[in-house]
Amino acid sequence: MKQNSDIYAAIFFIILSIVMYFSSQNIQRLTVDAIGADFFPQLASAGIFIFSTALLIKGLKTGRELKKMEQKELNTSQKDSTPSFSKEQAIPVLATMGLIIVYLLLLREIGFLIMTTIYLVLQMYVLAKPAQRNLPLFLVIAVVVAGVVYYVFRYFFNLMLPTGILG
Amino acid sequence: MFELIQAGFSTVFTLDTMLLVLFGVALGLVFGSIPGLTATMGIAICLPITFGMEATDGMALLMGLYIGGVSGGLIPAILLNIPGTPSNISTTFDGYPMAQNGQPGKAFGLALVFSFLGGLFSILILMFISPPLADFALRFGPFEYFAVTMFALTMISSLSGDSINKGIISGFIGLSLAMVGSAPIDSYPRFTFGFNQLDAGFDLLPVLIGLFAISEVLKIAERKNNPLNTKTPTNYKVKGFGFSVVEFTKQGWNWFRSSVIGVGIGILPGIGGGTANIISYVTAKNRSKHPEKFGTGHSDGIVASESANNAAIGGALVPLIALGIPGDTVTALLLGGLMLHGLNPGPLLFEQSGEVVYLIFAALIVANVVMIVLLFFGMRFFIKLLSIPQHILLPIILILCVVGAFGVNNRLFDAGALVFFGILGYVLLKFKFPIVPVILGFILGPIAETNLRRGLMQTQGDFLPFLTQPIAATFLILALLSVLIKARQNFKNKERPEQSST
Numbered sequence: 001m002k003q004n005s006d007i008y009a010a011i012f013f014i015i016l017s018i019v020m021y022f023s024s025q026n027i028q029r030l031t032v033d034a035i036g037a038d039f040f041p042q043l044a045s046a047g048i049f050i051f052s053t054a055l056l057i058k059g060l061k062t063g064r065e066l067k068k069m070e071q072k073e074l075n076t077s078q079k080d081s082t083p084s085f086s087k088e089q090a091i092p093v094l095a096t097m098g099l100i101i102v103y104l105l106l107l108r109e110i111g112f113l114i115m116t117t118i119y120l121v122l123q124m125y126v127l128a129k130p131a132q133r134n135l136p137l138f139l140v141i142a143v144v145v146a147g148v149v150y151y152v153f154r155y156f157f158n159l160m161l162p163t164g165i166l167g
Numbered sequence: 001m002f003e004l005i006q007a008g009f010s011t012v013f014t015l016d017t018m019l020l021v022l023f024g025v026a027l028g029l030v031f032g033s034i035p036g037l038t039a040t041m042g043i044a045i046c047l048p049i050t051f052g053m054e055a056t057d058g059m060a061l062l063m064g065l066y067i068g069g070v071s072g073g074l075i076p077a078i079l080l081n082i083p084g085t086p087s088n089i090s091t092t093f094d095g096y097p098m099a100q101n102g103q104p105g106k107a108f109g110l111a112l113v114f115s116f117l118g119g120l121f122s123i124l125i126l127m128f129i130s131p132p133l134a135d136f137a138l139r140f141g142p143f144e145y146f147a148v149t150m151f152a153l154t155m156i157s158s159l160s161g162d163s164i165n166k167g168i169i170s171g172f173i174g175l176s177l178a179m180v181g182s183a184p185i186d187s188y189p190r191f192t193f194g195f196n197q198l199d200a201g202f203d204l205l206p207v208l209i210g211l212f213a214i215s216e217v218l219k220i221a222e223r224k225n226n227p228l229n230t231k232t233p234t235n236y237k238v239k240g241f242g243f244s245v246v247e248f249t250k251q252g253w254n255w256f257r258s259s260v261i262g263v264g265i266g267i268l269p270g271i272g273g274g275t276a277n278i279i280s281y282v283t284a285k286n287r288s289k290h291p292e293k294f295g296t297g298h299s300d301g302i303v304a305s306e307s308a309n310n311a312a313i314g315g316a317l318v319p320l321i322a323l324g325i326p327g328d329t330v331t332a333l334l335l336g337g338l339m340l341h342g343l344n345p346g347p348l349l350f351e352q353s354g355e356v357v358y359l360i361f362a363a364l365i366v367a368n369v370v371m372i373v374l375l376f377f378g379m380r381f382f383i384k385l386l387s388i389p390q391h392i393l394l395p396i397i398l399i400l401c402v403v404g405a406f407g408v409n410n411r412l413f414d415a416g417a418l419v420f421f422g423i424l425g426y427v428l429l430k431f432k433f434p435i436v437p438v439i440l441g442f443i444l445g446p447i448a449e450t451n452l453r454r455g456l457m458q459t460q461g462d463f464l465p466f467l468t469q470p471i472a473a474t475f476l477i478l479a480l481l482s483v484l485i486k487a488r489q490n491f492k493n494k495e496r497p498e499q500s501s502t
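Quick note, the sequences are listed as chains A and B, same order. For the first sequence, the residue numbers in this note's numbering are 1 to 167. For the second sequence, the residue numbers in this note's numbering are 1 to 502.
It is possible that some hints are incorrect.
[Claimed, not checked] Part of the chain B face toward chain A, derived, beta carbon under 8 Å:
1) Glu3
2) Ala7
3) Asn165
4) Asp186
5) Ile392
6) Pro395
7) Ile396
8) Ile423
What the hints contain is simulated information worked out from the structure, not anything from laboratory work. In this text, a Cβ means the ideal position worked out from N, Cα and C, and glycines have one as well.
Given only the sequences and the hints, what does the whole structure look like? Please build it.
Written out as structure tokens, the structure is:
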């Protein structure tokens, strides 16, 4: 349910704010003013701490009330504890994230043209429904797009996209 | 002033610049009309293209994109009942039923003409109020800037959706992200963890594109059964604009009220067309003698929505040009675009680069005309675009985002930051935290910090002048009031939980 996700988020932000607060203790004051470079980070961490605590308390409260109600309904419908997120939804999202990260990691070594083509084909494959998966079409589009983007940015806008192994 | 406007127009009316405006509007319309793509994305992708251009040419292109991007969304709103951009949400309420009732031509005609008129109204307002406002703001010192920024930050409370608490946390997260890099005044590196790449902090562009475009792509990835791929656009034929002169004049007052709402909401920092069209629609409904007709294909509803969203364009540009504070997400990107060309948005812009400001005005007017012409004659083409499948389109958009982020400083680090912010935005959305406050905190936080510290240096640590300077005090009081009003509203809603539907 939603309340549980609030509780996780609140706990995460509370920890984050504590870490932030202590690491901002190391910020040195280079000027003799009322407030130094450490003031705003401390303000932000205090703000996150206070409002996350409020969120946590609220989440725990409503969570307890909901639990009582849910126990009656538990037999009829079993629901996820984390935000509504089924396996079918998670796979394309995680695959997309993974593809982008791998794409960026290899971009400099392998080069823009090759990596972009590979990325586009795989990404289209991930996003398409099984019936729409048309690899030859994807490959043609990917090659054309990678080529056009590379050529246009390199020669018209002087953007030095990585050439990688082709360069 | 008229000479300057004339000079602005004569720059626009050269072949190169006209072509850029035309290209901008056309591309903006494409981005606006395809659901999932927004004006923000269009501008983000085109920003690296403007690097190599003159500042004036770059601005002409971006203004065309802005106008086109906001306007294009009316097409799927009317034909498919899917708003092309958040600015067209309430266009679907009456536009789609009207098209279903056999009058798609009239729905398009009304939406087109009133988009144009709403936009024109707001551009004129922009031209007349931003120069005096900038003049006034020239007298602003750190106290006033700090107070104005604090007022702008209180907008977070009205942008947070269901939970103000979460909105405020989002705002603080934005503020914390802005802390990364050299501190203002003394340049002490904060939260860089020894990475030299982080010394300059996160660039605005990867943050914006990541939070708004990449997170959107991830969101679409999770719902594969897209409504788009199953719906087919309704057939339609248009003769003229599809409505009579009498019908047109009857909308006069509705148009004026909606445009004023659009401009007003556009001026407030952080909110733009996405909010303006809904508020304007609700107002028109509440003020109407026949509120029951709204939602069934009523002309007034289309006029209210489309006048307001285009009127928000001029409104959002007012604080950007006069104060250097962005009015919505698109203007936040434009802020980046101006700075990339070494221009200094804010009151000094008129003095230092007046020609760019007046070119922006002229380009907006020309783009507005180009928009109505392109939409009127090119409707068939834009409708065809709606059938491009998203699984092909989105990966290409993603590549363009990466290239755009890479182009900011010609380094891969910014592309990495882009992906980081994309995933952050997606996770925040998943946990139902609003994203717009993150941007507000990120942009406004450093402005507040710089001016607070600068002010305290001037007064040797005395905070009192922030409260005694009349302009600063006024804005701080306004900030306090806006928080109190919102808190009171929420308190009321809590007492009657059944009615807190919005």
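Hints, one by one, checked against the model:
no.: 1; hint: Glu3; result: violated (34 Å)
no.: 2; hint: Ala7; result: violated (28 Å)
no.: 3; hint: Asn165; result: holds (5 Å)
no.: 4; hint: Asp186; result: holds (4 Å)
no.: 5; hint: Ile392; result: holds (6 Å)
no.: 6; hint: Pro395; result: holds (4 Å)
no.: 7; hint: Ile396; result: holds (5 Å)
no.: 8; hint: Ile423; result: holds (6 Å)
Figure legend: structure checked against the earlier numbered hints; hints not met, in rising order: 1, 2.
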